[in-house]
Amino acid sequence: MSALIKAVEYYHPDTYLENEQISKENPEWSVEKISAKTGIYKRPVAAESISSGDLAYKAAEKLFAENEISKDNIDFLLFCTQSPDYFLPTTACVLQDKLGLPTKLGAIDFNLGCSGYIYGLSIAQGLISSQAAKNILFLTGETYTKFIHPKDKSNKTIFGDAASATLISNDDGMAEIGLFELGTDGRGAENLIVKNGAFKNRKLNGEDVSNENEFLRNDNNLYMNGGEIFNFTARSVPLLVKNTLFKNNVSFEEIDLFVFHQANKYMLNFIRKKIGIPEEKFYYFLENVGNTVSSTVPIALKEALNEGSIKKGYKVLIAGFGVGYSWGATILNF
Amino acid sequence: MNMDLKEFTEKFANQFIDDDVKNVKETTAFRELGTWDSLTGMAIIAMIEDDYGITIPVDDFLQLKTPTEVYEYVKNKKQ
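Chains as they are written, first to last, in numbering that gives the first Met the number 0: chain A, 0 to 333; chain B, 0 to 78.
Bear in mind the hints are in silico, worked out from the structure with no lab data behind them.
Where a beta carbon is used, it is the ideal one built from N, C-alpha and C, also for glycine.
Take these hints with a grain of salt, some might be off.
To give an idea of the interface, some chain A residues facing chain B are shown, with a C-beta separation under 7 Å as derived from the structure [unchecked claim]:
#1 A35
#2 G225
#3 G226
#4 F229
#5 N230
#6 A233
#7 Y265
#8 F269
Work out the full structure, taking the sequences as your base and the hints as a guide.
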């Protein structure tokens with residue numbers, strides 16, 4: 000039984016952290032340097048009172064408003080986040096009520112970052128195959144900026160807050176979801192982590208670690224070892240693409256567009272060249288949103304659809320990779 | 000494979016962005032360039048691994064100051 004993407008929408012706050020502000024606080028980084036390196040000019044930042052669940056709610060309401068989709072037909076709600084509203088209950092349960100969705104639906108959260116959109120699609124496909132559900136509302140939402148230390152200029156330049164909403168259906172839609180290639184390597188857990196505040200280390204007793212006035216890390220906040228993440232990506236993504244093509248019995252040349260997790264422009268460009276993907280087949284969308292973790296792929300898909308970079312008949316390879324380490328990819332047949 | 004310093008420096012320079020692609024010469028102290036950062040370093044290490052089959056440990060890489068020094072290191076390792 001096939002699973003198809005019927006509609007995609009996204010939402011982000013309209014308050015931004017702009018390069019000018021980062022440069023003002025860190026004069027050694029010019030506005031030009033920040034944008035040249037990351038490909039990002041501004042990133043949406045959620046207000047203190049706005050949660051991932053709130054952002055996902057807005058994305059979902061947009062999906063219903065703009066696509067004539069009946070809430071009554073939704074029989075499963077999936078929510079991907081690493082910044083849930085509460086320890087419990089599951090944010091997806093709260094969203095069921097807030098969105099006015101039927102009580103007969105199944106609802107779960109799952110905790111993944113940059114690979115989350117791919118995993119969500121694979122779970123949705125599984126739910127359809129097992130006939131557990133026919134119309135799945137899949138939401139992603141993240142407020143990583145709340146994890147970031149005020150002095151952490153590196154992470155501040157990268158991450159933005161956003162949410163996405165995708166409807167996956169068993170009967171019709173704009174893109175059939177292909178076969179999945181997934182992977183995990185927990186040895187990389189320490190390289191992208193928020194250590195304190197959950198149940199392994201409950202106390203927020205981290206201290207600032209600096210090197211000659213340069214902020215390095217605080218275990219209460221998001222820590223990213225950029226070099227190691229780059230290393231992991233450079234090694235794993237080319238193989239991920241190759242295996243995904245093989246599994247789907249599709250040649251490299253047959254792919255019309257590659258939509259990868261929008262980590263940062265420099266890294267994306269490096270992987271693109273390494274795999275040998277021509278620039279016109281590679282989609283970038285991070286100038287005004289930044290790296291929105293699990294929402295980058297659906298945001299890029301939506302923008303590519305809007306501007307006509309994805310047309311009927313296209314094969315689009317989507318891939319996510321990062322925190323975990325966790326990675327995954329599939330092919331969407333439009 | 001024969002190694003060539005000119006070609007090596009070109010590949011090295013291509014890991015930089017903007018004007019620094021042109022600013023990287025054989026004896027440039029590349030870490031002093033404006034667009035240098037740790038990601039550029041990882042890209043250079045990855046390029047050398049792909050194109051020359053040599054893995055440079057990060058600690059060794061940090062001791063090398065110019066493309067020529069990196070080139071000599073890689074050349075010695077290949078022998």
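Here is how each hint holds up against the structure:
1. A35: 5 Å, holds
2. G225: 6 Å, holds
3. G226: Interface hint status for G226 of chain A: holds (5 Å vs cutoff 7 Å).
4. F229: OK, holds: F229 of chain A within 7 Å of chain B, min 4 Å.
5. N230: 6 Å, holds
6. A233: 5 Å, holds
7. Y265: Holds, about 6 Å.
8. F269: 5 Å, holds
Of the numbered hints given earlier, the model fails none.
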